[in-house]
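Go ahead and model the full structure; you've got the sequences and the hints to work with.
Protein chains in written order, with UniProt numbering: chain A, 1 to 456; chain B, 1 to 456.
Heads up, some of the hints might be wrong.
Identical copies carry no separate label here, and so any pair may be met within one copy or between two of them.
Mimicking DSBU-like on lysine-lysine, the simulated pairs with C-alpha atoms at most 35 angstroms apart in a straight line are [claimed, not checked]: (1) Lys314 to Lys236; (2) Lys166 to Lys314; (3) Lys139 to Lys162; (4) Lys47 to Lys77; (5) Lys47 to Lys137; (6) Lys15 to Lys40; (7) Lys438 to Lys410.
Hints are computed from structural coordinates only; laboratory data are not their basis.
In case you want the letters, here they are:
2 protein chains.
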Amino acid sequence: MKVVKFGGSSLADAKHIKRVFDIVHSDNERRIIVVSAPGKRHENDTKVTDLLISCGLHAINNEDPSPYIEQVVARYKEIADDLILPPTIIETIQNDLLVRLAGDKNNPEQYLDCIKASGEDNHAKLVACYFQEQGVKAKYMNPREAGLIVSNEHGNAQVLPKSYEKLRRLRESCELIIFPGFFGYGQNGGIFTFSRSGSDVTGSILAYAVKADVYENFTDVDAVFSVNPTFVEQPKEIKELTYREMRELSYAGFTVLHEEALIPAIQAGIPVQIKNTNNPRARGTTILRTRENQNGPVVGIASATGFCSIYVSKYLLNREIGFGRKLYAILEEFGISYEHTPSGIDDVTVIIKENQLQEDEEEVLLKRLESELVADEVHIQHSLALIMVVGEGMRHNIGTMARAANALAKADVNIEMINQGSSEVSMMFAVKEVDEKKAVQALYEEFFAEVALPIG
Amino acid sequence: MKVVKFGGSSLADAKHIKRVFDIVHSDNERRIIVVSAPGKRHENDTKVTDLLISCGLHAINNEDPSPYIEQVVARYKEIADDLILPPTIIETIQNDLLVRLAGDKNNPEQYLDCIKASGEDNHAKLVACYFQEQGVKAKYMNPREAGLIVSNEHGNAQVLPKSYEKLRRLRESCELIIFPGFFGYGQNGGIFTFSRSGSDVTGSILAYAVKADVYENFTDVDAVFSVNPTFVEQPKEIKELTYREMRELSYAGFTVLHEEALIPAIQAGIPVQIKNTNNPRARGTTILRTRENQNGPVVGIASATGFCSIYVSKYLLNREIGFGRKLYAILEEFGISYEHTPSGIDDVTVIIKENQLQEDEEEVLLKRLESELVADEVHIQHSLALIMVVGEGMRHNIGTMARAANALAKADVNIEMINQGSSEVSMMFAVKEVDEKKAVQALYEEFFAEVALPIG
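Structure, rendered in structure tokens:
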């Protein structure tokens, strides 16, 4: 069986919901449907979830939320009318919203999560209603009833392992299940939402629970691109991607999928299929544990800006036992997690996300590193971009680094840093942010353009 | 003024000592001469220091040391006779040895250090005697008298800062000073030897103390080679080398100089000149703070075997604050200092010297890393060689990495790891030990052979 998740844009209006119906109807392995809140219908539209947040915030601040409620209800009503659904569904949704709004505001986070979650919850009811109207045995499934129990972390809820046993029973349902994404219930009975891409999380949890054969993730792109399409025109689409490859790509800015959302599916080794609601015949991209290597050593190139590097040098550093511990303990005190730590003999460089360091903190940190590590030199380099060149097995592919380094040299890009050999599936280059685009273009040209010839 | 150190082979017999005399005599800036114990005269000869060690060990174990004493005395006597020195010098040396041998054996280390140090001490007396016989105002200087006070660490003594003030007075001496290398006196009055290349240490300390213009280090090679001469025939000689470059080269196996010995000279920014006693006209190699970059991006290539890499992977590792500290704390418990730590997104690799890890420890360490870091995977790769490609400013030389990576690819060498960008002056490659030689040859060919053309 398949667990199928549809994103907000795939459920934004009646036209799309009809497509969703056709997609689900066309394959009776599609038994569990995870639904997002209605997304944007056009560029300047507002997502229902954003309307609900405004609504909740106004209510908390004792300002009139009604204009937002009306907009939300209007969105559902327009869809219901276009789908010619019985008026009862809109009454249900309206009442549900009023009950939530009348809720206890003493815990604003709890209150807000409850209101936000209504977007998916009510849309699932509407979608279920439409499926039923089409004569399909479909059923709206409430997460509490299904047993989706999560940790009490608003906006960052984590599924509790004990949920899985009960959720597994969904497998037995003879009816098609329409399941709202984005939230679960705490043991206190309250609603707690997941982090961003919350519907992906729900789908992934359900896929794991029912041991789905595949987790289909319907969005609005045909496939994952091999490189950022704003850097390269019409880049190659990726047909197959391993979990590790996806992780390295999304780390450096590939945002098609929020990789943490997939952890349950990954743990269960369930293939994740990314498909386009507006073009369901497109093959899409399949993310799985292992893949056939068809297309050379590199499957994708990603890049991200906003990094800086902290350089610490000390004569005879590498003879000093305990230096690493001291260094990382200090970083930890500043709440800094590091990305990479290339090191020389007498120096180490720590690459971190720039936004982890406030300007006023920066000086303090550098001073502490210098004094407490008795360092000869400590300095920081700002505005670096990290470029990940990703592909299974490239580590053992002689000449790949030569090709990459050549491409960058030819593009007149200085390599500030290389980190290669730890990851089995990636090479990392640090370059100045100003060089990011031409570096990515040069690497794409080298590894994807037809003319590219291996060197060495 | 110049402080001049002569190694054991430069003082192994009368013929060499005459050369040493001519060298010193030819430049009256050479005011302080640091003397090693007589070294090997030919391939199968035994160093006096080794004879003294056997001698001391026998005495400690109440076995007859006399055969070794006789050999030691014979060595000095042969030299003295060939130099036609008055017999008194040999009596002095003989009595000195007997006094040391009669010393207190309750502290074997102290006892052994006292005997070992006699090699340099007595040779300094002999050399001073010869200089005097040639009508030079020369004087044997005892380190205690000179004020060379060191920490109480046998075989690893460290100079105490307060020594420098008194040592500085050597500058005022109107006589040429012949100073024994390799040892100093503890505050308890006992003799403590330095680590290996101890005479280099003495020369470096004196150069620092008297603010010498240059520290000349006479040995038996014309210069530092740009690459291991067992890998490449007639490699280029290095004329100038910065301290940083030397440090990176000697780290990976360049043993012409024991870099730690130079710390005092380096701290004072005193140029260190390596020259050949047997060919003093050769320009030699000068090690200094900064140099003109004449010869391309690379000045030298060094390599060393005996490394292994410990690989630790954990999904979402890079989001985990404190992971580094935990990892390095465990390594520290095992007394392991690490060389490099290239890292991926979800993995980190720690490169260490293989000899730091006993076989039985290895399994324990890996198990602990796996359990305490809750790692997904931990494994170790043995028999790695590190190759350092060294040169000031290469970091900012676009295309250098491309040339290196190409050379390795052409030589069919897989790059197990690269660490580049932290050190300003080196690129490090890890390759399998079996590939070490051809990798070094390929890199030398690329950066030193006349035909080498820049790429990119």
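Checked hints:
no. : hint             : verdict
1   : Lys314 to Lys236 : between (46 angstroms within a copy, 30 angstroms between copies)
2   : Lys166 to Lys314 : between (57 angstroms within a copy, 29 angstroms between copies)
3   : Lys139 to Lys162 : within (24 angstroms within a copy, 87 angstroms between copies)
4   : Lys47 to Lys77   : within (15 angstroms within a copy, 99 angstroms between copies)
5   : Lys47 to Lys137  : within (29 angstroms within a copy, 95 angstroms between copies)
6   : Lys15 to Lys40   : within (13 angstroms within a copy, 93 angstroms between copies)
7   : Lys438 to Lys410 : both (10 angstroms within a copy, 27 angstroms between copies)
Hint compliance for this structure: no hint is broken.
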